[in-house]
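Asker: The lines below spell out each chain.
There are 2 protein chains.
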Amino acid sequence: MADRFTLYSYFRSSAAFRVRIALNLKGIVPDYRFVHLLKEGGQQHAAAYARVNPQELVPTLVHDGHAIGQSLAIMEYLDEVKPAPPLLPQGAFARARVRQLAYVVACDIHPVNNLRVLNYLRKPLGHSQDEVTDWMTHWIDLGLGAMETMLAGSPETGRFCHGDAPTLADICLVPQMTNARRGKTNLDLFPTLLRIEKACYELPAFAEAQADKQPDAE
Amino acid sequence: MADRFTLYSYFRSSAAFRVRIALNLKGIVPDYRFVHLLKEGGQQHAAAYARVNPQELVPTLVHDGHAIGQSLAIMEYLDEVKPAPPLLPQGAFARARVRQLAYVVACDIHPVNNLRVLNYLRKPLGHSQDEVTDWMTHWIDLGLGAMETMLAGSPETGRFCHGDAPTLADICLVPQMTNARRGKTNLDLFPTLLRIEKACYELPAFAEAQADKQPDAE
Chain B
63 MADRFTLYSY FRSSAAFRVR IALNLKGIVP DYRFVHLLKE GGQQHAAAYA RVNPQELVPT
123 LVHDGHAIGQ SLAIMEYLDE VKPAPPLLPQ GAFARARVRQ LAYVVACDIH PVNNLRVLNY
183 LRKPLGHSQD EVTDWMTHWI DLGLGAMETM LAGSPETGRF CHGDAPTLAD ICLVPQMTNA
243 RRGKTNLDLF PTLLRIEKAC YELPAFAEAQ ADKQPDAE
Chain A
63 MADRFTLYSY FRSSAAFRVR IALNLKGIVP DYRFVHLLKE GGQQHAAAYA RVNPQELVPT
123 LVHDGHAIGQ SLAIMEYLDE VKPAPPLLPQ GAFARARVRQ LAYVVACDIH PVNNLRVLNY
183 LRKPLGHSQD EVTDWMTHWI DLGLGAMETM LAGSPETGRF CHGDAPTLAD ICLVPQMTNA
243 RRGKTNLDLF PTLLRIEKAC YELPAFAEAQ ADKQPDAE
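From first to last, the protein sequence lines are chains B and A. The numbering of the first sequence is this note's numbering, which starts it at 63 and goes up by one. The numbering of the second sequence is this note's numbering, which starts it at 63 and goes up by one.
Treat the hints as calculated values from the structure; they're not laboratory data. All values derive from a computational prediction rather than experimental measurement. Do not rely on the hints blindly, as some may be mistaken.
[Said to hold, decoys possible] Covered stretches of chain B, as calculated for chain A (at least 3 residues, CB under 8 Å):
#1 110-121
#2 131-142
#3 149-157
#4 246-254
#5 269-279
Heads up, the beta-carbon is just placed ideally off N, CA and C, and yes, glycines get one too.
Chain B extracted, bound-state conformation (with noise of 0.2 Å):
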């Protein structure tokens, strides 16, 4: 029982994405339950998953009876229970450097430009894909920029975003940068953020988690 993990996901969910990096680092091959977020209206909306997580957003982690929604509460979750290989360095310092860098990145980036959130401003508010898109490339612009800044300026920054090991920074920074490609941002102004995202695939763990490796990929 204990040492099965259950993750509802969806494969062009970001925050879902950086979960399963975070359980390929962990070595941990979870059962996979598939929520569409599109279709039937959204299946997140389902009596039975909003049980499961009242946000009736993904992901969701089941682990010994109990369910965890939020990706970085997942993922603290799993340093904890399963602290080998870590997520966060040692140090209470570093450890808040990569929260935040974690942080600008799920906290004030995806948050405005999640699925619920482009929707609402397609309808009610009437806006086009073109304003949409300006939207997200406006946040994703800003947020990308302070991280390049960040890292760019930190000598604690190596071949990841902290020293040489991948980090919640990295895990959350990897689906950002495929969402980025998404709008019209410019990612040749961020090469400290191209060169981590490029290490972080070498790392199967990463390249395995993308998108369209999904069993539940389109």
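Given the structure of chain B, go ahead and fit chain A onto it with the hints provided.
Answerer: Below, chain A without anything else, positioned relative to chain B:
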């Protein structure tokens, strides 16, 4: 040196409000630097502050020569360097539950409603104040509704969001309740949240962290 904390704060910022509560709970009296988000085109965009926080957002905590942005990263840091009283409960699942609740606010309600997002809706998108208020209310209702369901349905909810001591979940909830009152949210639909908010304000750590108690309040 190591025992001095400096907080860059703005009285109306709910992310700064969270950190002020956390510092009060920990018994830490920081040196304050006030960053007025509306004056001079936004003091957070001044070059000197952008060096402290490349995201040009408040709050930032400076400790021992290190600057930390992102309120959740700051609070996790405080909990590591000054563990008593704890902001997270014992037990990995309990901590995951508290973090999930905190992130409902910090990742899914607050980011879509902060000053810069509302300003973008006003200009360039040209929405009226009524439309902006409807936007705010929509996301607040969704997020607080999920929190009410999660809290009302759990035996782990106590006087506070998790048991009988305040945690990160309460610290995120309380400022969000203040923000909710700026919109059209009917808080009577969320009796558990109202009860917990009231319990929080009985603690000076919460009451004294409110916007109107700050030296920079207007």
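Asker: Confirm or reject each hint.
Answerer: How the hints compare with the structure:
no. : hint    : verdict
1   : 110-121 : holds (count 4)
2   : 131-142 : holds (count 8)
3   : 149-157 : holds (count 3)
4   : 246-254 : violated (count 0)
5   : 269-279 : violated (count 0)
The structure is inconsistent with the numbered hints 4, 5, although it conforms to all the rest.
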